[in-house]
Amino acid sequence: MEDQNQPLDAGMASGASDPGLVITEAVRNDLTEIAKWAMFFAVLLFIILGLVAFASLAIAVAGGAGGILAGIFIAGIYGTLLFFPAWYYYKFATLTRQAVALDDNSMLDEGFLYLKRFYRFVGILVVVVLSLYALFLLIGISMMGSRMGSF
Amino acid sequence: MEILDNQFAQEPGNNTGLHVTRAMRYNWRSTAKWALFLAIVGLVVAGLSLLALGTMIPMMTNMMEMAGNEEAAELFRSAGSYISIIAGIATIVTIAIHYLHLRFASDLQRALQFNDQDRFESSWRHLRYYFRVLGILTISYIVLYVFVLLFMASFISGKG
Chain A
0 MEDQNQPLDA GMASGASDPG LVITEAVRND LTEIAKWAMF FAVLLFIILG LVAFASLAIA
60 VAGGAGGILA GIFIAGIYGT LLFFPAWYYY KFATLTRQAV ALDDNSMLDE GFLYLKRFYR
120 FVGILVVVVL SLYALFLLIG ISMMGSRMGS F
Chain B
2 MEILDNQFAQ EPGNNTGLHV TRAMRYNWRS TAKWALFLAI VGLVVAGLSL LALGTMIPMM
62 TNMMEMAGNE EAAELFRSAG SYISIIAGIA TIVTIAIHYL HLRFASDLQR ALQFNDQDRF
122 ESSWRHLRYY FRVLGILTIS YIVLYVFVLL FMASFISGKG
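Residue numbers (the numbering used here), protein chains in the order written: chain A, 0 to 150; chain B, 2 to 161.
Hints were generated in silico from the structure; no laboratory data involved.
If you're wondering where the values come from, they're calculated on a predicted model, not measured in any experiment.
Watch out, some of these pointers could steer you wrong.
Capping the alpha-carbon separation at 20 Å, the derived lysine to any residue pairs in SDA-like fashion look like this [claimed, not checked]:
#, chain 1, residue 1, chain 2, residue 2
1, A, 90, B, 91
2, A, 35, B, 76
3, A, 35, B, 64
DEER-style ranges, computed between Cβ atoms [said to hold, decoys possible]:
#, chain 1, residue 1, chain 2, residue 2, range
4, A, 57, B, 158, 32 to 38 Å
5, A, 102, B, 137, 27 to 33 Å
6, A, 72, B, 144, 42 to 48 Å
7, B, 160, A, 132, 30 to 36 Å
8, B, 75, A, 67, 17 to 23 Å
9, A, 69, B, 56, 51 to 57 Å
10, A, 137, B, 160, 22 to 28 Å
11, A, 123, B, 70, 50 to 56 Å
12, A, 57, B, 75, 30 to 36 Å
13, B, 88, A, 67, 23 to 29 Å
14, B, 137, A, 97, 33 to 39 Å
15, B, 75, A, 83, 44 to 50 Å
Just so you know, even glycine gets a beta-carbon here, dropped at the ideal spot from N, CA and C.
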C-alpha cells in the first residue's frame, strides 16, 4: 500500500525524478528553439521598454509639471506591463538554454518556473482587461438605459 | 513492460541527461492551464472579429448612403473588398496561432494526466511551432514598419 503520510512537497525538490515522462532528443531540440525565440521576444520587449522610458522622459521634460506626472504615469504603467513578461522570458530562455547545454536539471526546473510565471502574469492581465471591458460595457448600457428612461 | 520502457528510455538518442521532475510537472500543470485560457480567449476574440468583419463594411456603406455621403459610401464599396481580404487573412493567421497554443496546452494537460509520452512530445512541438510562427510574423511586422517609415520619410523629403 502506498505511503500517504508524507509532507505535501515530498518529491518537489529539483533532483526528484518522475518516472512517467521522458525528455527525449526531440523535446530537447524543441526546448532549444523555444528558448531562442523566447530570448528574441525578451530582447524585443526590453527595446520597447527602453523606447517607452525615453518617450515618458521626453514628455516629462517638454510638458512642465503636468508632463512630469504624465511621464511618471506612463513609465509606471507601461514599465510594469512590459518589464515582467520580458524578464520572465529572458530568465526562461537563458536557464533553459544553459540547462540543455549543460544537462543541468535544476536549471531546467527553474526555467519552467519562469515560463509558468510568464503565463500567469499574462493570464491575470487578460482577466483584468476583460473585466474592465465588461465593467465599461455595463456602465455604458446603464447610462443608455437611464437616458432612454428620462425621455 | 516497465523494464522494456526503461530500456527504451536509456537507448542513445531517446534519453538525455535531463529528466522530468515533480516540480516540473507542477509548473507545467499551471502553465498548461493558463495557456489553455489564453488560447480560448484568443480564439473567441478572433472568431468575433471574423464575424464583425462580415458585417462592419456593409453596415458602414449603408450608414454613409443613408447620411447622403455618396463619396464615402463609394469609397467603402471599392476599398471594402480589399480591406476584408487583408483582415480575413490576418484573422485566419491569428486563429492558426491560437490553435497551436491550444494544442500545446491540451496536449501537455493530457500528457501529465495519462503519462502519455507522444502527447508530451507533441505539446512541445506545437509550442515550438507557435513561437516560430509568432516570431516570423513579428519580424515581418517590424520590416513592414521600417519600410513604411522609410517610404513616408522619402515622401516628406520629396515634398519639401
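* Asked: Which of the numbered hints above does this structure break?
  -> Of the numbered hints, 1, 2, 3, 4, 6, 7, 8, 9, 10, 11, 12, 13, 14 do not hold.
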